[in-house]
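For the protein sequence lines, the chains are A, B, C, D and E, in the order given.
Its first residue numbered 3, the first sequence is counted upward by one per residue in my numbering.
Its first residue numbered 25, the second sequence is counted upward by one per residue in my numbering.
Its first residue numbered 15, the third sequence is counted upward by one per residue in my numbering.
Its first residue numbered 264, the fourth sequence is counted upward by one per residue in my numbering.
Its first residue numbered 213, the fifth sequence is counted upward by one per residue in my numbering.
Derived from the structure by calculation, the hints contain no laboratory data.
Fair warning: there could be bad hints in the mix.
Here are the simulated BS3-like pairs of lysine-lysine, each with C-alpha atoms no more than 25 Å apart in a straight line [stated by the list, open to error]:
#1 D:Lys387 with A:Lys170
#2 B:Lys191 with E:Lys296
#3 A:Lys119 with D:Lys470
#4 B:Lys226 with B:Lys203
#5 A:Lys188 with D:Lys470
#6 E:Lys458 with B:Lys305
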Amino acid sequence: MIVADRKPLVEIQEMVANSRKILVIGCKGCVTVCNVGGLKEAEILASSLRIGRNKNGKPMEIDETVLERQCDPEYIAQLKDKVGNYDAVISMACGVGPQFLSEAYPEQKFFPAVNTKFFGGAVQHGIWEERCAGCGTCVIHHYDGLCPIARCSKSLQHGPCGGSSKGKCEIANDVVCIWDLIVRKKMEQGRLDDLRLFQPAKDWRTARDGGPRRSIREELAS
Amino acid sequence: MTLAEKRKLGSVLVVGAGVAGIQASLDMANSGFYVHLVDRSPSVGGIMAQLDKTFPTNDCAMCVISPFLVEVGRHLNIHVIPCSELERLDGEKGDFKATIVNHPRYIDTEKCTGCGQCRQVCPVVAINEFNCGLDLRKATYIPYPQAVPLAYAIDRNACIGCGMCEKVCLAGAVTYDDKTKITELEVGSVILAPGGEMYDPKEADSWSYSHPNVVTSLEFERILSASGPYRGHLMRPYDREEPEKIAWLQCVGSRDINRAKNSHCSSVCCMYAIKQTMIAKEHSAHELDTAIFYMDMRTYGKDFDKYYSRAKEERGVRFIRSRVHSIEPVENGNLRLRYVKESGESVEEIFNMVVLSVGFKPSSGVETIAKKLGLTLNEQHFFRTGDIRPVATSRDGVYVCGVSHGPKDIPQSVMEASAAASVATSDLSSARWSATRTPQLPPETDFSKMVPRIGVFVCNCGINIGGVADVPAIREYAKTLPHVVHVEDNLFTCSQDTQERMKQVIREKNINRVVVASCSPRTHEPLFQETIREAGLNKYLFEMANIRDQNTWVHKNNPDLATAKAKDLVRMAVAKAEYIEPLHQVKLDVKPAVLIVGGGVAGMEAALGAAEQGFQAYLVEKTDTLGGMAHQLRKTWQGEDIPAYLERLIKDVTNHSKIQIFLNTKPVHFTGTIGSFTTTLNDIHTGNPNGIIEHGAAILATGGREYRPEGYQYGNRPDVMTHLDLDQAMKDTPATVMNADTIVFIQCVGSRNSDRPYCSRVCCTHTLKNAIELKKIKPGMNIFVMYRDVRSYGFRESLYQEARALGVHFIRFDPENPPQMNIAENNILTITVTDHILQRPIVISPDLVVLAAAVLPNENKELFELFKVPVNAEGFLVEAHAKLRPVDFGSEGLFLAGLAHYPKSIDESIAQARAAVSRAVTIVSKDGIMVGGVVAAVNPDRCAVCCTCVRACPYGIPFIGNEGHAVIQQAECHGCGVCVSECPGKAITLQHFTDQQLIAKTRALFYQPAMNE
Amino acid sequence: MSQDFEPQILAFCCKYCAYAAADLAGSMRLNYPPNIKVIQVPCTGRVDIIFLLRAIEEGADGVYVAGCLEGECHFVGGNLRARKRVNYVKKTLAELGIEPERVEMFNLSSAMGPRFAEIAIEMTDRIKKLGPTPVCRLAG
Amino acid sequence: MSELKSGSNLEKVLKAGHFAFTGECGPPRGANIDHLKEKYEPLKGMVDAVNVTDNQTAVVRMSSMAASALLVQAGLEPNYQMVCRDRNRLAMMSDILGAYSLGIRNMLCLSGDHQKFGDHPQSKNVYDIDSMQLISMVKKMRDEGKFLNEDEIDVPPKMFIGAASNPFGDPFEFRIYRLANKIAAGADFIQTQCIYNMPKFREFIKKAVDMGLTEKCFLLAGVTPMKSVGMAKYMKSRVPGMDVPDEIIKRLQGVDKKEVADEGIRIACEQIEEFKEMKGVAGVHLMAIEWEHRVPEIAERAGVLPRPVI
Amino acid sequence: MNPSFEPKILAFLCNWCSYAGADLAGISRIQYPPNIRVIRTMCSGRVDPLFIVNALDEGFDGVYVGGCHIGDCHYQDGNLYTLKRFDALQKLMDLTGISRNRVHLKWASAAEAQIFADNITYVTQVIRDLGPFERDSRLLPLQAMKRTLTSQRYRWLVGIDRKITGDKNVYNEKTPVPLFEKVFSEALQGEYQKALVVECTKDNPLSVHEISGRTGLPPYTISCRLNELSQDGITGIGRVDGRTPKFISRAA
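Chain A with its partners taken away, still in its complex shape:
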């Protein structure tokens, strides 16, 4: 799923500093699963903003609601007659949310409440880790299911760099060196020779470097 972190409260306060009537929209999709943008978090943000404004003597009106997802126009459309009567809307969805909203309601000002970060999963309750960088050409089968493109700081494809020590990446000792895992796994499974294969220079066109991407399913698209 898409994993995000909530923006610091001060930053959100500045965004809506001069708005009187605000709508906070949660999203029941990925951001609910990673506990950052669901209805519960929407209520918490709304209440925090109310406390902040109330303290500074400039009370504001904040409503909170939640959409099934903010990445399908039909759900966005549900706010048709509501979104107008606010002078600022905060979307707690991933980066897709504020953009779909802005496209649907050009005259309204939309603000992101979360910083979208990566595709990943929950290694334990409350801790999510990046697993995929969306390079568009999946090669994890070469590395026994451990992707160096997403999980090596330098996306190296032929083994650990000189800085890997004690299984940790040179940039920080809480970041696992993925190549250390790949090499150990290959050794355990007796498939070390796979790493002798020379991987030609990767074709990055399918990645973000190839420009904004679209995915079209002929049989579905009208």
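We have chain A already, so just place chains B, C, D and E on it with the hints.
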């Protein structure tokens, strides 16, 4: 009357309302029998109520027992008869006539609300037995604040009849003309649980117990207790100084034939002494030096040995193996102890306080009851009971449990209580639900759609509330609150007459939400919920404002603020009341059958018990024979013949119509919730199913086995054997054993070490029993027992005395240098060990070495995972609560018994098996179980299927159903609400504690409503 | 701070330990300031972050959560989660420029009547020193 | 080994079987040529080639190609380093052509330190291709005369291809395979990380020899003399992948303050003596960072002078 | 004893007998020492033991209470109460170390002027022998006596004594006198000792030993009294110095 027409009464008399009496009463009342619970003192609770903390978990005793006290006080089918004693018992099993003497209490328990005004004005003081004489109580008294029944009593021989208490009693509860009454009760059977009393050290002056700083362990317990005289602040009675050094003397009044005439070991003093050292250290702000003087440290129960080593290694408690003869008071309240170290060196030490770990003696009631009922006593003047029928007395139909038939700790007492409950009602099963009362309730009118119409009832509670807060003002204020249609205030809302008027008012003004502003919901919510239910209202349409315990009682000195706070609390309660919805519990049907896994003695006794209670029992055994470990035993510690008992038991089980036996079978699939489980059984060898069992409860009795020692050449020499090998040899080839001249027993082989940090409990007794038997057959034989601690607890101490008398040599070794076995080249085996008295190594060349090997749990990882039951680090099954639910599992409907729980002797296994039956019967005896109420409910379309609730629930109850959203089953949810506030999508609500209700209550505190029109 | 300031303090107490301790403080006739208003919850694990924030938002001068001793929670670990949520609210209040000391978590067993009174006194003094809540109460 | 691939001095020295001795020179943080001069002046005649680092530890410095060109003008032979962090494949190929045209004949292909260590951690890194793919690209340009997309190059850049190797990085067992992969990808010579743990390096080199790697390409052992105890401790604890045994630190602590630098050089010389005899080691790469002025003295005491002239 | 000491004695004279007797002594010019200062009360039963202790506290060296003979009381049994109260007061004074001979109760009818004068002369001489009442060195016992005399338990027992030992108690039987005596002396000693402890720990927290030093009570007795005081919520631990808790009372 011929046998057939013999009357079977559906009621039971329980004498003694300590923790054992209460447990037995609850089990029977919840299984369809009416219970008369008689106790000499004005309230229930017994010794446990006086304890501060309990070992080995250091839980606070009162927190553990008070829910049981409240339940026994309120239970529809338990009739608590305080201040009374059993006078006579006529008739026989199934049809007894009991004559009860009701001593006058001079206060009517129905009227008294426990407000305590009489205590404050009473001019007469007397020794406060509850605090063991540390402080005084008034002639009009209540044993302790949480007493049940919550009513005062007048101590007639202290009271001078001045009449002051009647003057101040607004409830008019004082009845000076109360007389001794005699009542007759017709009961089916009788359970005696009069408990025990602590030895009184005054009988011997060498302990100089008259000195204020020499206290008994129970007094020290009161000193430590937060509700005790010193409010839990550890101080010396003499001058309230905080002690720097405290000594505990073990075996005061136990194992002491010359001074105290008590030969038995009281089983619990070692453990409670260690607990008291640990709790004392926690209570003292400065470094506290604690020393325990003991002979044998007898920590034989589950997790007891770990507790002992934690005290020794981590908490720095000093354990000095020496028996102090006398205590010598010295200047400014200190005490000098002279003792001899093991090395022979004599030492003097000054202590600020000395605690005498006093042992048990039978309560004074035991002697009189035995005389009146014609029951036999043993030499120590406790009730005599056997091993094979551990809770039966010498009179048929009269059973016993708890300390009155032998000193024991709380878990063992509670186990025996449940066992007595199941045995006492086994042949009354035809009269089940015949004598019990079921509440007649009118149909519930449906108010859910209607606009809230709230009735507010403000209570004065005599002067407890009215004397501080302005109750009329509170009542008038309540009128102004939204949706309030009726307000009234009365003297005692909980009194019978007010309850009736409440019902009437509810019907007249068709009130659909009731708020009572009075005392604590913890004690009175069930009472009021029943009342409004009788008025046709769903019992959850009710909210309380605690304006007494948490307002007037604690803000006595500023009444106006107390009144303002009362108004706030009422406004908050009304605000929540507005959003309360009726909750309907769902009735799950119960399958009247019990599954028992494991065909050893425990399993068979459980199956027989369930069948005797009239329920279908399914006994599953993975081998091809019943009997388990018992096949290898010969005699119980009291000498009863095990093979004969085993043969009889197997015959009864196999022929019983209500027991279906599955040999070579193991469960492979298990689903369902309490009351209706489904288990699939498979044949071990062929693997194909041989039965699908529908049952309401399950008992796991998977048993244990003897540890095969690694060291000491075991297995490669015929003259080195374990206890079971010795028993085998004594049975089959006695000659091989008898022509040995010297035999050495080595204790704690495989137990009490780092891999198995527990004591296997039975090996000391087993060694003593065999040593005595060998000595009697061949007095000339030299027998050496090499031990770390001889743990012959309870009456087993007599075996230790007899063995020493017969000339068995006992040599103590430290774990650091255990006995060394070496084989000389001529294959002669010698044992070298350092004698603790001579302090020099001695060499013995025995003809036979017997290793007291540890007891291990049978390995059933797969089975335990199937039933989702926890095992501890050593592989033993983990019970729900060590003290008060020793045979239940955490998950409802599952129970345990036998060696799989912890090593125990055969009589303790039988008791635990019968206890498990009693617990299981409380489920299967009902035709339906009400589930639901305050439980979590999932709103599917808000659920993001994110598994947060699956991870957050401490009991692992929520799961993702195949409809694609989280599912929480009403029968299983415990109602804690953790998942509700973790759920990121706000998809789960905890009924009766919804967000809307709690936020409304919060908001109401700050939001002054506009005047009600 | 002005002496006549009487703070309004909310206390979420768990039914099995803190609420029982409050009752015991009552039956022992101890004494603590009347500024404390108790709301009973089955377990402190039920106290949601939104409850604490809405309390501050509605104008509470102080809020505290009182649960069982760590390791003795009737529902295994509810009190541990409660402490984490209280810390989250403290951080949020700090970000909003409100004294985090206005929110607190306490642990006590049901036999610690005197401790409950102590906590009530401690919190009332602390909030009196901090003064009224900067969040002005909205009328109506 | 007979015909020359790039004709660089280093190649000739190595192929002639001499014991190579290369130095290192970090370009200045500004455009001050004199600074560069101060650094390469003492190296003249002392080394066969001079490594010119490319934004070492991701810290912005004068570009390595410019510095290398200046060295060429000054009559020294540069060993032009290129990292994969800062350029994509277009920039790399064009820089290789540029370097060749400026007379640079030796090249070192490195992955490069992550920008997190450098002075602009906010920057975006590239890592379009990794060091292995860089080696094979330069080989393709030289031997096949083709760009990566198979287009012809009119004048193919004949570079003497070098690669780095850290025998002490984790996982230790894999390091030899990585070396083998680099050689297979086209590396002509290898310069190792600075060596302190001699026993571990002996084990590494033995494996390299057994696998015949040292036949296929020349391996230069990296040496960095310790200037102070502080530097030794810093390298041991803070530099990832660096293995500094305690004996080295004890030796440095053994002498008094003033002598430490000298002791550092003595250790280095001992190492170089051993490398001379060690089978599979074709030379030494001396990394005297900020100590360029003492390289003549080190070279002298290491007995590697005079440098062969072919 | 300095010879010139003249004790100041307060005399409560009941209106119907002793006051009348005193007037008669005046009329018949019977002489008696001038040390007494008289307060007339309607009946000796009106005299609250607290007045007597206050008199000593204010500076008198002794107190004389005069009343009618038993049976002559104008109000039937007024003097019976006085007898009980006076006996109780003297028992209390025995505890405090203040000599009981500083207070005297004498019956004298309206006609017995001579007896009245003799009583006064006798009482004055007894008190003169006792010497002046050192009020300042007896502050603590005096305060404690006042507190005991105002305690509900003490006054209630003194008041109910006649009814339950003489007539009948709530159980319609006479409370045996030894039992009542035991209860009363326990109550008296209990209240007085508690009063001592409260008085000296009212303003500053004191340890048990410090209290013992000031009140002379043995430590263990103080410890037992502290139990009762904490049960009634009057005394608690103020602070703890090292290992010594200091107790402080909140005198309601």
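Original post:
Is the straight-line distance between the alpha-carbon of Lys119 of chain A and that of Lys470 of chain D 25 Å or less?
Top reply: This hinted pair is violated, its Cα atoms lying about 44 Å apart.
Original post:
Can the restraint linking Lys188 of chain A and Lys470 of chain D be considered satisfied, given a maximum Cα separation of 25 Å?
Top reply: holds (20 Å)
Original post:
Can the restraint linking Lys387 of chain D and Lys170 of chain A be considered satisfied, given a maximum Cα separation of 25 Å?
Top reply: Holds, at about 22 Å.
Subject >> Pair hint outcome, Lys226 of chain B versus Lys203 of chain B [Cα-Cα no greater than 25 Å] >> reply: Judged against 25 Å, a Cα distance of about 34 Å means the pair is violated.
Original post:
Is the Cα-Cα distance between Lys458 of chain E and Lys305 of chain B 25 Å or less?
Top reply: With a Cα-Cα distance of about 21 Å, the restraint between Lys458 of chain E and Lys305 of chain B holds, given a limit of 25 Å.
Subject >> Lys191 of chain B paired with Lys296 of chain E [C-alpha distance capped at 25 Å] >> reply: holds (23 Å)
The structure fails hints 3, 4 (numbered hints given earlier, in ascending order).
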